[in-house]
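Turn these sequences into a full structure, and let the hints steer you where they fit.
Protein sequence lines correspond, in order, to chains A and B. Per the UniProt record's numbering, the first sequence starts with residue 1, numbered consecutively. Per the UniProt record's numbering, the second sequence starts with residue 1, numbered consecutively.
Take every hint as true, because none was put in to throw you off.
Since the list gives no way to pick one copy over another, a pair counts as held whenever it fits inside one copy or between any two copies.
No farther apart than 25 Å at their CA atoms in a straight line, the calculated lysine to aspartate or glutamate pairs in the DMTMM-like style are these: (1) Lys533 <-> Asp260; (2) Lys517 <-> Glu486; (3) Lys530 <-> Asp133; (4) Lys323 <-> Glu206; (5) Lys59 <-> Asp102; (6) Lys530 <-> Asp255; (7) Lys485 <-> Asp63; (8) Lys323 <-> Glu198; (9) Lys323 <-> Glu184; (10) Lys485 <-> Asp455; (11) Lys530 <-> Asp540; (12) Lys130 <-> Asp107.
By construction, these hints were calculated from the structure, which means they are not laboratory data. Predicted model only: the values in this text are computed from it and were never measured.
Number of protein chains: 2
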Amino acid sequence: MSSRRLSLALRRARLPSARPAARPIVSIPSPTSSTTSSISARPFTASSTVAADSTRQIKYTSDAYPNIKRNPNFAQVTAEDVRFFQELLGAPSAVVDGVTSDNAADDIEPFNSDWMRKYRGHTRLVLKPKDKDEISAVLRYCNEKKLAVVPQGGNTGLVGGSVPVFDEIVINTSRMNQIRSFDEASGVLVADAGVILEVADQYLAEREHLFPLDLGAKGSCHLGGNVATNAGGLRLLRYGSLHGSVLGVEAVLADGTVVDALSTLRKNNTGYDLKQLFIGAEGTLGIITGVAVQCPPRPKAVNVAYFGLESYDQVRAAFREAKGQLSEILSAFELMDGRSQRLVHESTGNKYPLEGEYPFYCLVETSGSNGEHDLAKLEAFLEHILGEGIVADGVLAQDETQFQAIWRWREGITEALSHLGGTYKYDVSIPLTDLYQLVDDTRDRLTSLGLVGEDDSYPVRAVVGYGHMGDSNLHLNVAVRQYSKEVEKAIEPWVYEWIAQRNGSISAEHGLGVAKKEFIGYSQNETNLKLMKQLKALYDPNGIMNPYKYI
Amino acid sequence: MSSRRLSLALRRARLPSARPAARPIVSIPSPTSSTTSSISARPFTASSTVAADSTRQIKYTSDAYPNIKRNPNFAQVTAEDVRFFQELLGAPSAVVDGVTSDNAADDIEPFNSDWMRKYRGHTRLVLKPKDKDEISAVLRYCNEKKLAVVPQGGNTGLVGGSVPVFDEIVINTSRMNQIRSFDEASGVLVADAGVILEVADQYLAEREHLFPLDLGAKGSCHLGGNVATNAGGLRLLRYGSLHGSVLGVEAVLADGTVVDALSTLRKNNTGYDLKQLFIGAEGTLGIITGVAVQCPPRPKAVNVAYFGLESYDQVRAAFREAKGQLSEILSAFELMDGRSQRLVHESTGNKYPLEGEYPFYCLVETSGSNGEHDLAKLEAFLEHILGEGIVADGVLAQDETQFQAIWRWREGITEALSHLGGTYKYDVSIPLTDLYQLVDDTRDRLTSLGLVGEDDSYPVRAVVGYGHMGDSNLHLNVAVRQYSKEVEKAIEPWVYEWIAQRNGSISAEHGLGVAKKEFIGYSQNETNLKLMKQLKALYDPNGIMNPYKYI
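Pasting the structure below:
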């Protein structure tokens with residue numbers, strides 16, 4: 001095989017010199033920028049998606065989940081409470097008051113509902129403290145008065161964790177948006193919880209470093225929310241989990257106690273690693289107000305290739321080869337099934353990257369410090385997998401535009417699905433052998449139940465699968481014309497039983513929130529649940545932190 | 001500069017083809033294998049070191065730390081207790097009984113004292129359960145009877161954490177030594193807590209994978225102990241901390257509850273990450289009985305270089321260049337001062353790797369998937385740092401023997417120090433700017449106090465510094481002719497104040513144990529300590545797990 005030996009620089013990184021081109025196999029078309037449906041570089045933002053569908057009414061979570069009852073121990077917010085918060089926080093923009101004002105409903109709505117338009121709460125009060133001391137004073141007051149709260153960052157979660165169910169007060173971190181420090185020698189970034197992930201990454205790009213997390217929602221999500229949900233994302237394969245890369249956390253407990261565990265040291269074995277408790281706790285133990293993160297040097301060369309494959313077995317074979325041959329430069333190995341790519345094609349109107357259509361596609365990204373070396377490795381890998389017939393066809397991005405365009409075939413799936421109506425999203429971890437089987441089995445099941453079809457008489461439009469192959473992490477998505485109990489009951493708990501039988505996880509990276517709370521028993525045993533409830537009771541005895549969710 | 005372009009394979013990994021040699025700068029002598037003092041490939045083992053000094057009497061910890069009093073709430077072990085354990089565990093080798101037998105003193109002594117010969121307890125009972133169920137039954141009994149216990153793995157710790165202070169029962173994991181499973185597709189190893197690190201790594205080497213932790217004690221230390229102490233070691237720079245690479249932990253709490261958090265999934269966001277509690281808890285919350293670890297592919301090519309430098313500023317400059325130029329293949333950057341290398345020279349009789357002597361030395365290791373690429377990067381790095389005058393002289397290992405020989409100049413320091421008498425070891429994390437200053441300041445202080453000298457009238461022989469530059473982790477070692485309160489008081493708490501002023505950690509990777517327990521306040525604030533004590537009380541209300549230590 002000969003492929004075009006072309007290299008690509010990631011955003012502000014240095015461009016390695018291009019090498020003479022050999023015979024190209026196929027080149028990828030540039031995105032059709034004249035089309036109105038063409039999507040932006042980072043298409044996923046909460047606001048744009050919500051705006052696109054804002055005519056559709058969102059059902060209240062309390063209606064969708066009638067089993068969840070408001071905890072009568074919680075007080076209701078009074079005008080007196082509002083006055084206290086207004087005095088405490090000072091700035092008029094820090095309090096969005098729907099308690100004493102009837103005109104705030106529109107202002108409050110974005111904080112009550114999620115970007116998927118699946119969860120909707122009844123809050124009438126949103127607070128935006130500016131620092132940990134204000135959060136501490138807010139929580140101390142709420143804990144004393146038994147006022148329940150929901151910590152909220154960019155509100156880009158997928159399980160309803162960041163919006164209220166009833167009248168919980170929203171504590172939004174958007175005003176805590178300062179980068180506190182960056183040490184170029186150690187690569188340690190210290191930042192407020194409300195810094196947007198993409199802002200942090202751009203700040204780091206200017207300093208030749210990289211945030212060790214990347215995900216579709218990066219334009220909206222907050223670092224505090226990323227850490228609170230233990231976000232995984234596109235490059236966990238390379239940079240590891242936040243449990244490893246977060247060096248320190250500053251958080252406020254329910255009673256207002258400020259926990260300063262904001263160590264910037266890579267090694268610090270002085271007692272229990274308290275910060276770990278807050279990573280992935282989804283705001284049920286405290287509110288994260290600051291984070292210290294170990295950031296790697298920004299790769300000087302980034303390449304991306306896109307393949308069509310005839311079977312899932314070949315996807316597994318390609319991954320095995322990528323791990324072996326690309327090894328330390330492999331930064332992403334993403335799987336997309338044919339249906340997911342057809343949805344992107346239909347949604348964007350963009351021409352497919354490859355000539356034919358295939359049941360499976362993979363996106364392989366490399367990141368390294370030497371463009372020539374990386375291309376040589378990637379070329380050897382391509383030669384091998386094409387020569388062995390593991391992949392049927394492939395394309396290598398030849399410039400930044402094509403790099404972005406290829407990534408949109410992966411990152412655009414969420415957006416494409418959002419145009420279809422609703423989506424039941426299952427974010428699961430399953431051993432690689434069985435990973436894709438879940439998609440086929442789900443499609444077969446829903447089809448045999450007569451739920452899948454082309455016209456509006458069928459509730460289900462499509463069953464698609466994609467995800468982070470490198471992390472054994474599948475996103476099973478069931479696109480529906482509208483959310484319905486009939487479809488939900490056909491999938492749940494069947495899907496969780498399927499996963500539990502294979503020792504998988506019912507939530508690989510999205511977390512529990514409202515959506516998975518009742519199903520946690522499929523991934524955690526009784527003892528573990530008891531221990532978790534002990535921890536919750538220890539740190540939040542009144543249960544005011546993000547109630548009705550998680551465990 | 002021209003350096004010999006020679007490549008090296010790590011143990012069983014594949015050897016990349018050698019490239020034509022350019023002009024060598026200097027070659028390193030082979031180790032003088034005829035010398036009796038020449039050290040073995042992995043010199044550090046608990047038994048050999050203790051044997052070498054077994055004529056010297058070890059002071060009881062209870063005498064060295066008279067402030068520590070035996071907790072009168074704990075019961076004393078009776079003959080009835082011994083009978084219970086003998087019946088429970090069955091195998092005669094599972095119980096070393098010094099309670100009802102007077103002849104067991106010699107058998108028990110190795111479990112009572114540490115390899116540094118600094119800590120010594122009074123236990124008269126050692127138990128070696130074979131699995132988690134036996135440990136559960138042992139702990140349930142001990143908790144009911146209020147019998148204190150010490151979990152013990154390979155007993156290679158450096159802070160007295162793995163030996164008793166008074167008559168705590170030793171629960172040793174050496175009989176739990178099975179590798180349970182390894183999945184080549186995901187790289188996940190599941191193993192008993194008592195598997196020796198080197199055994200695990202050799203098992204993985206045969207399957208082209210690597211254990212993501214390496215340290216001098218690998219020939220003796222147990223995986224359970226590694227996780228319990230959150231061991232850092234030589235390649236944390238590359239493979240990250242155990243908080244990231246350990247996917248699951250199986251542990252037994254004080255009351256006998258078996259916590260099965262032995263997930264093998266890379267991503268699993270279903271509730272609080274309970275396993276994190278046990279990582280670095282030094283056996284104070286429970287006993288780890290099994291671990292699941294994410295293991296990377298074994299690098300196909302490993303190279304090591306060794307440099308002499310004229311100043312610490314140059315060491316920092318060399319590290320900065322290594323991070324930038326070697327990036328994803330950099331697997332170790334170790335610092336050794338001139339004094340530490342002289343000790344190794346005197347101890348082993350080996351010829352120095354370089355012609356001249358220098359105040360500082362660095363060891364740089366690369367690990368990658370392509371030997372030619374790695375050498376090209378390393379060569380460019382060498383050319384740069386020699387050309388810029390950052391390093392004064394250097395050598396590149398040319399084969400496996402030289403690879404091992406160079407590493408011995410780093411790993412042999414601990415052994416060399418152990419021949420001198422006692423060593424006050426401080427394992428600290430300090431921002432890179434000030435890292436080595438602590439060694440100079442300590443030497444100046446002890447010299448001005450008249451404590452340092454060549455002959456036996458001075459208590460201190462040498463003050464040396466070395467460590468993991470890549471992790472901002474310094475090992476400050478004060479070699480003494482014998483342990484004395486005079487020296488200890490001259491160093492402590494002065495050294496901890498020095499570190500606290502720079503926001504460092506008083507224990508980067510060695511942990512707290514007995515040695516650092518009383519100084520934790522220099523690295524943790526009151527709130528954090530209160531939270532830690534809450535956790536301890538939650539999981540071990542009777543305080544039987546590894547008492548008198550940690551917090």
